[in-house]
Each structure stands twice: as structure tokens, then as C-alpha cells.
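*Asks:* Respectively, the protein sequence lines represent chains A and B. The opening residue of the first sequence carries number 1 in our numbering; numbering runs sequentially from there. The opening residue of the second sequence carries number 1001 in our numbering; numbering runs sequentially from there.
Treat the hints as calculated values from the structure; they're not laboratory data. Check the hints yourself; a few may be wrong.
What the hints assert, rightly or not - Covered by chain B, according to a simulated footprint, are these stretches of chain A (three or more residues, beta-carbon under 8 Å):
hint : segment
1    : 122–129
2    : 132–142
3    : 145–153
4    : 193–204
Unchecked claim - A few chain B residues that face chain A, going by a derived Cβ cut-off under 10 Å, partial list only:
hint : residue
5    : D1135
6    : A1137
7    : G1142
8    : S1153
9    : R1156
10   : D1158
11   : E1186
12   : R1190
13   : I1191
Since we're looking at a predicted model, the values are computed, not measured. The beta-carbon is built from N, C-alpha and C at its ideal position, and this holds for glycine as well.
Residues per chain are reported as follows:
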Amino acid sequence: MALPVDVEALDKAFSGIGVDEKSLISILTNSNEHKRSLRKGSSKLFIEDENGFERWDQSSIKILKHQFNRFRDAVVLSLLHPWERDARLIEKAIRKGPKHYNVIVEMACTRSSDQLLGARKAYHSLFHHSIEEHLTHIKGRERKLLVALVSAYRYEGTGVNEDVAKSEAQILYEAINNGDKNKLLDHEDAIMILASRSKQHLQALYRHYNQSYDKTLAQDLEGEGILKDTVECLCTPQTYFTRVLEAAVKEDADEESKRALTRVIVTQKEQLVKEGFVPNKIQDILLGLYKDFMLASIASGDIK
Amino acid sequence: MATIDVPEQVSVLADAEALRKACKGWGTDEKAIISVLGHRNAVQRKQIRLAYEDLYQEDLIKRLESELSGDFEKAVYRWILDPADRDAVLANVAIKKLSPDHHVIVEISCTRSPEELLAVRRAYQARYKHSLEEDVAAHTKGDTRKLLVALVSAFRYDGEEINTRVANSEAKILHEAVKDKEFNHEEIIRILSTRSKMQLMATFNRYRDDHGTTITKNLEGDSGDEFLKTLRTTIRCLNDPKKYFEKVLRNSIRRVGTDEDALTRVIVTRAEKDLKDVKELYYKRNSVPLDQAVAKDTTGDYKALLLTLLGKED
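Between the sequences and the hints, there should be enough to build the whole structure, so can you do that?
*Replies:* Shown next, in the form of C-alpha cells:
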């Protein structure tokens, strides 16, 4: 007979992010009788079929697939050359649609200029088109911003003209507060500023905005989807990544949010370590080999 | 094909010494400078600069800048730079003019290969501490700005594949955009700045086949419209760069008073690329060899350098 604690353990093995492989081995290598009572006991995974057997719940199968694939995806993502990795992430995001455009923003804005160039080259090799060409498929108003971000080769040196930064903060302020907020994605000057200025310049702009208007640029862009993501990724990346990680471990997190966990940890481990990220929050919800891999990744985030 | 004549054996040390000798003392031996630099390719010129720096602890370029003057000095300066660095300088000069030279920016972004354009962007940053697209954006406005920023930021796929369905549909889009004279600039800019060059040529050919006339003819109009002018230059550069360069040369010489900037720019930037083909086009078009036309319209050391780069035997 399977004890309630076994049933609970079975449910638990699939209820985090990743799979508790060890637990499964010890629960499932028991007698058939044991397994039968596991099925009867687990209301999460099995439902009573009218033909007299405990049938696996359809939605659980899907979840299981995702859970088992997490380790695999993490391995592949971490093994790929960063250029190929980013190119593939971008291509997938374009294909999957508007809910995934933040990934494109993330790739374009959190990589160094040369890494982004590398991703563009890899994209040529893999997909025989430029990223800009494939972005043509996007009919929505996000296209302009995304093309501009992906095409940027930002200056990475120091030296910011504070006067220009301040006046450009004003341009953004007026675009957001005095203009038609629905047309922000069409605002040529705003897009030009966000897509062509160096990150240093934009961070100075961010400071000026805060000082001049008593709120942050990110706050003013609340609800503005990829515009807010753009600003955060360029000016306050740690805020962006923290937000993504927290969304991944929430109770009702969807599959995309959970996938972001792998993506962020694998691709940003150096950054996370630099910012003193402590994996306490996520530790509890990760499971199995996937958990080991993620924690080891964070621990190994040497800054090269 | 290139026009410059480079000897089989080259000793960059001997060259550096020869250049030093040409600059020492009163006056400068311009002929010696031309006879060395005018017969060296980009790799060799770079090695000569390094050798000169090693031997004399001095920047050869700075030395030449101080010794030479006028159109000759400008030409030597542009010639001696690395191609990517040179393009960066040309772009910056074009941008910073009171009335920016849009066609130079188009020329650089559309006639260089994707990799070459990337190298120009890097060189531009190294020199000017801004990105090329930043500076273009800051000095242009409106639809012209949109077009130029898109062109300099492009990293086109370099392959040979053509999608005929796309060529067909985009030729239609271009025709729609052009016909209304209400030019849907967004679509034109998108197509011209993202498609590969092979794909665009297929599209332009399709346009011509469908409408019996080239797209550039259909764009002719108010010559005061800066966007239109820039657009025409873009399409010409993408469609047939050699023909475009022939036209620039023809216009630069024909003018009352030669446009030395344009003349220098084309000869210096194409001498190691396709100037020979451009020369042939020029002869076909004007029944006068380019060398002859240049010789008639220029003088002195400037003329001597240009003719050397055009492949004239010493």
C-alpha cells in the first residue's frame, strides 16, 4: 500500500521547476500494487475513468513534458556558442509572437555591442536572412522599435554629454506625458534616442529624468510592454532580471515565465553574481538535476 | 578590378626611408611620395606607417599632413588610411557639414559589403567616440533621417538566394508607394534597408519587367525634395554601384570648377576595388578616357596622384 506521504512525494516531484529524479526513483521502483495505490491516491495526476482505470490527466502530461525538458534545455543553452544561442532565442521569439518580444529586447539590450553583432552574424548562418528581414514579419507597431534595437552598434566608452542627456530626457518626458501615449511606439525621436545612444548616455538620461520629474522613466512607462522592458534592460538591467526571475517562481507562473528562469540564469550568471544575487528565493522551488545545474551555474558565475 | 599598379617586391622599410627623405629639409618631394604610396595596397600602406613609426618615432600621417596642402594633401590623407578608417572619416565629414552630404552616407552604407560596413562602424566609434547611427540621427531629420539611420545600421544577409515571391510582392509594394507620389516611406525604407542586395536586384528587375521602366525613373521629381534625392541615390547604389560611381565622376568633372571632394573620394575608395570597370563605363558613356578627362581638369601633384591611382604608368 502506498502511504499518503508517497502520494504527496509523487505530486511534489513534479510541482516545482524541474523534476525530483531521485525521489521518483525511490517511489516508483516498488511493487505494482504500490503503484496502483499511488495512482488511486494522486488526484492531481490521475482521474477515475468510467471504464474502470485511473487515467493520466491530460494537462499533467504537458506539464511533465516541460518539466523533464528543463534540464535538457538548460544544458543545450549553456553549451551553445553565445552568438548561436542568442540568434536562436531571437528567431524563436519572432516566430512565437507578441508575448515573446521582450526576449528580443532582452537580447538586443543586455548584450555588449560585439555580442549583438555576433548574434546577427550567427543569424545569417543559421537562417539565411538578417534579423531585420525576419522582423518584417511582425505587422504590429513594435516592429520599428525592435528593428532599431537589433541594428544598434552602441558606443561603449565613457564620456557623456550631460546637457544632451538632460534635453533628451525632456524629449522622452514630453513624448510620454504630453503626447498620445498610444503612439509612443511611433515616436521617431524617442525610438532614435533609445536605439542609438550609448548605455552610459541612457543611464545618465535616466538619472536626469528622475531628478527633473520626481519619478523614474521606468515608472512612467508602466504598462508600456516592450518600451518599459527596453528602458529597464538598458538602464537598470538588474531590475529587469530580478523582475523576470521573480515572475518565474510565482505560484501561478506560466510556462514562458518559467523558461525565462533557465534563459536568465544561463546567460546572465556573471551579471547576477556581480549584483550579489542570492538564490534563496528560487532555491526552494527548483527540483532535481535542473536545480543542481542552476545553482551550480550561479555559483560558477566567474567574471572573466 | 583594381587600377593601382603594385610592384612584385616591396620593402616597407625602404619605403619608410624614402618617405622620410621626401619630407626632410626644405620643401617636400611630392613625386617621391606619389611614387611610393601611389603604388601600394592597403596592407602595405599600413605596414609602411608602422615601419615609419618604428624608425622615426613619428606618425607618418601627421608628418604628411604638415608637409602637404590643398587637394593633394586631402587626397594623400584619404588614400593612406585603412579603408574602414577612411570611410569613417568620409562619413564624419559628410555628417558634420552645415548641410550634410546625404549621398555620401548612402554611398558608404550601400556600396560596401556587410562586413565592410561593420568595420566602418567600429572605426567610426574608435575615432569619434559616438556610434555612426547616433551622429547620423543627430544631424538629420524626418524621413531622410529614418532612411539613413536604417541604411547605416543594416547588416544584410550576404547570400545569393532570391525569393521570387518576395521580389514580386515587394516590387508591387514599391510601385504602389511610388505611384501615389504619396510615398509610403515606411515600406520603402523597410525594403531597401533590410533585404539582401541580391534580393533587391531581383526586386528592381521585377519592377522594370512589370512596369516597363526602372524605379529610379519613376522617382524623378522635384529636385528640392531631399528624401527623394536620397532615395534615388540609395536605389542606384544598391542596383548598380559601378554605374553610380561613373555618374559621380562624370558630374564631378563636368562641373564648372571640378568637385574635387567627389573626384578624390571615388578614385581613392574604388582604386583597389572596381575602378577599372568604372573607367570602362566612363569611356563607353563619354567617349573620352577617364584619365584624359581628369588630366584636363586637374593640375599639379593632385593630378599626378589621381592619375597614378588610375593606373597610369610613371
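*Asks:* None of the hints should be skipped; say for each whether it holds.
*Replies:* Tested hints:
| no. | hint | in the structure |
| --- | --- | --- |
| 1 | 122–129 | holds (count 3) |
| 2 | 132–142 | holds (count 4) |
| 3 | 145–153 | holds (count 5) |
| 4 | 193–204 | holds (count 4) |
| 5 | D1135 | 9 Å, holds |
| 6 | A1137 | 5 Å, holds |
| 7 | G1142 | 8 Å, holds |
| 8 | S1153 | 4 Å, holds |
| 9 | R1156 | 6 Å, holds |
| 10 | D1158 | 7 Å, holds |
| 11 | E1186 | 8 Å, holds |
| 12 | R1190 | 6 Å, holds |
| 13 | I1191 | 8 Å, holds |
Consistency with the previously given hints is maintained throughout, with no hint failing.
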